[in-house]
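**Q** Sequence:
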Amino acid sequence: MRRNIKLLVIAGSTASGKSELAAKTARILDGEIVSADSVQVYRHFNIGSAKPQRILRDAVPHHLIDIMEPDQPFTMWDFRVAAQKAISEITSRGKLPVLVGGTGLYLKALLENLDGGAASNPHTRALLKSELEAGGLTNLYERLRGIDPVRAQEIHPNDRQRIIRALENAQSPQLSKKADHFTFSQYDAKFFVLGGPRKPLYERIDARVEEMFENGWIDETRAIVDMGYEKKCKPFHCVGYRQIMLYLEGELPKEELVPRVQRETRRYAKRQITWFAKVKGAVWLNSLSAGEDDMNNLADHICGYFK
RNA sequence: GGAGAGGUUCCCGAGUGGUCAAAGGGAACAGACUGUAAAUCUGUCGGCUUAUGCCUUCGGAGGUUCAAAUCCUCCCCUCUCCA
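Under our numbering, the letters of the first sequence match residues 69 to 375, in that order.
Please keep in mind that the hints were generated in silico from the structure rather than gathered at the bench. As the structure is a computational prediction, the values presented were derived from the model and not from experiment. Note that the Cβ used here is the ideal one computed from N, Cα and C, for glycine as well. One or more of the hints may lead you astray.
Said to hold, decoys possible - Mimicking BS3-like on lysine-lysine, the simulated pairs with C-alpha atoms at most 27 Å apart in a straight line are:
#  : residue 1 : residue 2
1  : K197      : K346
2  : K302      : K153
3  : K74       : K299
4  : K258      : K197
5  : K348      : K163
6  : K346      : K322
7  : K322      : K300
8  : K258      : K153
9  : K300      : K348
10 : K348      : K197
11 : K299      : K119
12 : K322      : K74
13 : K258      : K163
14 : K74       : K302
15 : K375      : K322
16 : K258      : K375
17 : K176      : K258
18 : K267      : K119
19 : K153      : K267
20 : K338      : K153
21 : K302      : K163
22 : K163      : K119
23 : K197      : K74
24 : K302      : K197
25 : K163      : K153
26 : K348      : K267
27 : K153      : K375
What the hints assert, rightly or not - Label-pair distances were calculated between CB atoms; the ranges are:
#  : residue 1 : residue 2 : range
28 : P241      : N354      : 14 to 20 Å
29 : N226      : Y373      : 38 to 44 Å
30 : D361      : H305      : 17 to 23 Å
31 : P321      : E210      : 29 to 35 Å
32 : N365      : R213      : 50 to 56 Å
33 : P190      : R290      : 24 to 30 Å
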């Protein structure tokens, strides 16, 4: 099998400067960007997901942004399929695919060809959720132990989300197994992680969150609600939108909103960093020194790997 | 000036003689991660070359006791009410 599709991956935590740097390098290398971001796929969630600015998007083609409505489910599997498609289109044009994003699982699903098990089934999931409410988590966990003790071993008894998924998977008929899963990656990816010292990163996050609120994040959220989307829609549950929803419902005082979102964003960044720290062969670059010249240098540095 | 209430480990807050390095929550730090992943979950959280061990800690200084965050004395500070 071919393993020759070259890929540039630029990962990193929120506010690490991925989008900007990716656009720069993509322009130099004649590439197109494929976003690996679980929230940017959703339309209308613009400010809070820090979608790349218009200027960047006009300068370089971006894929997998604004492809879903807020009430549509989108999973790591959907990402893998969509990204593979986008990548093959890009390469067929003779361009370099530049994966950019902070969603570690998505990147992994694509790069390592995770097979993911049975397709998620809204019906069984709903059933399991009602069972959870009726019988408690422990019962579900015990059941999982009976059906798939190996998987149960890997999951913590408190992890309701994974327990439900594991049961959903275990209870599904085998036919749902994907036939086309690869045993090795078809991609030859060069993986970069943007970041830097924790302190400046956190300062940057705090400042950016504040800026987002100044840019009308609350109004944007309210507008999406007014469009008729229910709060159970997935993107409403991510960092920031979630807290804004609480505020709009009167559950969170206004003066606590911004600090709260800043804190959650910092935590999110930490989780991302923890995730990327495990990626083998990744090259870490300090992107926090901020200056325009520094960014250009970084871009040149990255491009050096593709000559 | 008088009457009450209170000062506990980074914060909030339990604890009124031993089972207390001290519940619980928060914050912080670290980690996990195969179809919700910006999600979900876990661990650590006074110090010590890591121990059924030692040392330091519950406003301060003394005292009682085999033993005190817990009892007594004095002092300092905070809050509420009355003047």
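**Q** Measure nothing beyond the straight line between the CA atoms of K300 and K348; if it is 27 Å or shorter, mark the hint as holding.
**A** Violated, at roughly 36 Å.
**Q** Holds or violated: are the alpha carbons of K302 and K153 at most 27 Å from each other?
**A** Holds, at about 24 Å.
**Q** Take the C-beta atom of P241 and the C-beta atom of N354, compute their distance, and say whether it sits inside 14 to 20 Å.
**A** violated, 50 Å
**Q** Compare the distance between the alpha carbons of K302 and K163 with 27 Å, and conclude whether the hinted pair is satisfied.
**A** At roughly 33 Å apart (the allowed maximum being 27 Å), K163 and K302 break the hint.
**Q** Check whether the Cα positions of K348 and K197 lie no farther apart than 27 Å.
**A** It is violated: about 36 Å lies between the C-alpha atoms, which goes past 27 Å.
**Q** Does the structure keep K153 and K267 at a Cα separation of 27 Å or less?
**A** violated, 38 Å
**Q** Are the Cα positions of K74 and K299 separated by 27 Å at most?
**A** Distance ~40 Å between K74 and K299 Cα, so the pair is violated.
**Q** CA of K322 to CA of K74, is that 27 Å or under?
**A** Violated, because 48 Å separates the two Cα atoms, which is more than 27 Å.
**Q** Take the C-alpha atoms of K163 and K119, compute the straight-line distance between them, and say whether it is at most 27 Å.
**A** holds, 22 Å
**Q** For the pair supplied as a hint, K197 and K346, is the alpha-carbon distance within the 27 Å limit?
**A** violated, 32 Å
**Q** Compare the distance between the alpha carbons of K267 and K119 with 27 Å, and conclude whether the hinted pair is satisfied.
**A** Holds, at about 24 Å.
**Q** Are the Cα atoms of K258 and K375 separated by 27 Å or less?
**A** holds, 13 Å
Going down the numbered hints, you'll see the structure goes against 1, 3, 4, 6, 9, 10, 12, 14, 15, 19, 20, 21, 23, 28, 30, 31, while the others check out.
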